[in-house]
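Each protein sequence line maps, in turn, to chains U, G and V. So for the first sequence, the working numbering puts the first residue at 1; every next one is plus one. So for the second sequence, the working numbering puts the first residue at 1001; every next one is plus one. So for the third sequence, the working numbering puts the first residue at 2001; every next one is plus one.
These are computed hints drawn from the structure, not numbers from a lab. One or more hints might be untrue.
[Claimed, not checked] Result set (BS3-like, lysine-lysine): computed pairs, CA atoms no more than 30 Å apart in a straight line: (1) V/K2323 to G/K1258; (2) G/K1268 to U/K70; (3) G/K1349 to V/K2277; (4) G/K1176 to V/K2119; (5) U/K70 to G/K1420.
[Said to hold, decoys possible] Selected chain U positions facing chain G (Cβ under 8 Å, derived; list incomplete): (6) S80; (7) D118; (8) H120.
What you are looking at is a predicted structure, and each value in this text was computed from that prediction instead of being measured. Just so it is clear, CB atoms sit at the ideal spot from N, CA and C, and this is done for glycine as well.
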Amino acid sequence: MNYFVGIDIGSTTIKIALCDEDGSLAAHVTVPTGSHFHQNAKAAFTGLLARESIQQEEVRYVMATGYGRKLYREADEIISEITANCIGATKIGRENGEIRTIINIGGQDLKVISLDTDGHVKNFVMNDKCAAGTGRFLEMTARNMEMDVMELGDCHLSATGPPITINSTCTVFAESEIISLLANGHGQPEIIAGIHYSIARRVARLAKRIGVEETVFFDGGPALNRGLVEALENELMQPLSVPDLPQVTTAYGAALLARESVLCVEGNRYV
Amino acid sequence: MIESERQARVKKSTSLHLAMEAAETLRQITEFPDNPESMAYFYDLYQSRFKDGMILEQNGKKLVGTMCLQVPDELIVAAGAVPVRLCSGAYAFDQAGGDFMPAKSCPLVRATMGMLQVNNDTMKDNLSTVVIPTTCDQKRSSAEMLRNMDYPVTILEMPATKESDEARTYWQESVKQFALGIQKICGRKITAKSLNAAVRSKLEAGKLFRSLQQLRTESNPIILGKDIWLVSNSYFFDDPDQWCQAVKGLIAELENRKSENFSAINRKAPRLLFTGSPPIFPNLKLPILVEQAGGLVVADETCSSQRLLHDAVVFDEKNLYDMVPAIADRYLKPCTCPCLTPNTDRAKKILEMVRSDRVEGVVYQAFSGCMPYEMEQKAIGDMLSREGIPMLFVETDYSPEDQGQLSTRVEAFIESIKVKRRKTQ
Amino acid sequence: MSSIRRFLNNSDINRFRFYFQLFAFVLLVYGGYLAINIGDQLPTFACVFGDKRGGSCYLMGFQHQMTFPYARLFSGPGIGVLIGLATFAGFFILFNKAWCGFACPLGAIQDWLTILRRKMGIYYSTYSEPVFKGLSTIKYILLALLILIPMGIGNSFFGLPTLNHDFGVPFCMICPGRTLLPLFNGDISQLAIDFSSKTKMVFSGLGMGITGMFLAGAFAKKRFFCLFCPMSALHYIFSRASLLRLTKDGEKCTRCGNCYRVCDVGIRAIADDLDHKNIVKDDCMMCLKCVSACPEDDCLKATYLGIPLYESTAEGFFRRRLKEDD
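Required output: the full structure, derived from the provided sequences and hints.
Now the structure itself:
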């Protein structure tokens, strides 16, 4: 069996996806990036192969993407995360209709990609230098609430009152705002909902710059947060297509591109 | 601390930053494989001019600083002085300018002002006057600041539109007054003969630059855009004759490359057009990123490069009464600066370049704070999308901090052009 | 072929035009000495009052034919009128407005006056846009008058009495060609006021005044008289059918205005009109200075039967501009 690998080295986590000859997702893993991301990536990759009992020789092609892509020297090729994301989302989101817009929230960035009818990148915008409205913001919130970042979504959904307005988008100022809200006795669920809406508004503003067309695909780790999904659907005034594994879309897209690269060289053997 | 000592320290530290910045840009530029050998002249030129603060050469002549390409420098040359365009691309000067300029002002204006502030002690005496045309708001307002720094300032009144006969007449009169003023400042009368010589000198440069541009758009890439900016930017301050000599050498080398079918980079590199706020050395950040990512900038619509020398003065009668208005026309009628309204000529020009230079994508740079280019971005983008040409809009400044983010965006843009190309083939 | 084209495009049309005008002037004013007669329906001012002319201006015969009563005009002799008009159109279609820029003797005189002024270093005058527009309608009024006045001789309008035969060729009476061109044959008889009748006195007086204005005007302003020329108005009717064309590719144009700058008759459309391919306007004299001043490849071109004769090229432009005083 031949496998094709996509390694997405992001600011917070490393995602590795394997696809088989048919192009379907065979295995995946997500590990924290840490400070020695190169070693961590290699370790995670070896671990994944061992877990799935795949021999090193069966790996035909490795495509690296994400911020760390250029430093992962074992890769056969590198590709920008925007292209990889677009390929992965188009494939995964296919059952929910034609994907025309992708919203991706990563650990430190925010991307909105608009696709043409053939599924190719038409235009895209990213946040500027600032990490406001990204995964980092959610992590900071979870820390202040003393809960795991994965619990934020359920906490939001348990809110009984309307979300509380958070004025600052800057992570640093928002943090002090949250602390004082907590000190003033506001409920955690409402504050968390407020934070989700503040992120959602920021995303919506960015998305409007290039125009939002249906179907909208939402991925990246924070897409696991159901509260954020709800807030974003409300702000965009559109339903979102959220995959089961939103964090590995980009890695999967890179794996698909790895497969395509081999196909280009060897003809249509694997189609 | 005594003010003069503080000033000296600022100057020292800024000069060091400038030298570092220039060296870094040159390193990135020369790191590309297969740079033309004749580019060495330009690499050395920048190396020497930026190694110790900003060096203005006078050679015993009077220097006249200009703040925009709208200044008819033929008149300055005819009056016996040397024009030098002050528009700066240095982040070091931008930071110096940040001390007294608004945070949201245009980095180009801020850097230029920073340069003049930091080098106030020497430049004030070096420059016989600083000519500021009334183009964009920020350049206009900077005139006041310069006066407060005791610089001699000459205002060149420019209309905000070019369509009407009245605007043309106004500008012609304004240029005439400028000619009268500049000859007083320089202490030498402009004659038909001296003006004709100045016009010819710029025409000669324009002719050479057109040949160079022609070679840049060959379907087999023989020179990269980053080098073209170095060539055009150096016209800001280099001696025109030496500049022409160096460009002639470069053209000869490129002709040779052409006949040998030699490629400077991958022949399939996506062909791009660069437009918007002007890249000026050392801030060639975005053009360099684009070419590092595998793109090729075959044409640009910027006032620091292709717009600088393209247009040519024509007059019917070799008398000052016809030559001066003819020079005025050269600087207004073909101008595509977005500070003019209506500015349909810019869109038209971009479209024509896209077609004739077989451009596959457009990179649009707007400096944060450069309102005219930011405002026009949407109209240009819409027009290009109707033509099926993708455009990457980048809002940035002189700081190198966003390079990581930008490179991802630029790479994705170039990948998307490649994907599109594969699809249509 | 391409090298011939390159040679032509690099050439200096102004110099060629200067010598061609001289040649045409000699031919039209002195051709008679060699018994040359190109034709009697020429679309240019080869003045009939000059004895040694090498051809004749159409306007004289045309005005004369207009004096026919309606009965004659719309019967057999009318065919003669049509043949005359067709011959005129035939001549015109061959060279379009280049008749004005390259052949017209009055045009040549004006251009020589311009050269004189330039050598003296005297500034030329220009019109503002609205004035220009207003003045350029005068030629159509003159054209209408030169048809209607002679018609008033053979016919009565609205029961008014018919005009006498002194009104026969009203335009010739006021045309500076009649007073000036015979001078080149040594005939000064036209340079006088004719007191033989009241009508003639008024007309020839007017003619003398206009001749003075012609000379003074052409000295101060390039091609001053052409703006009022009824021949030019008559040309314009047939201009579209001509074999010689001046075309513009609006996409290549940068609106730099060089063409407008050098245009002797101040046609702004040459720089600003981006939509029309055919760029010959009613005041145009096809001197092709605009083509030689255009620095963009293939933007402006003169074509004959679709074959390019003279095209704007960057190469030619810089060659002409940079060699001028070497």
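Hint check results:
no.: 1; hint: V/K2323 to G/K1258; result: holds, 28 Å
no.: 2; hint: G/K1268 to U/K70; result: holds, 22 Å
no.: 3; hint: G/K1349 to V/K2277; result: holds, 18 Å
no.: 4; hint: G/K1176 to V/K2119; result: holds, 22 Å
no.: 5; hint: U/K70 to G/K1420; result: holds, 24 Å
no.: 6; hint: S80; result: holds, 4 Å
no.: 7; hint: D118; result: holds, 7 Å
no.: 8; hint: H120; result: holds, 5 Å
Violated hints for the displayed structure: none, as all numbered hints are satisfied.
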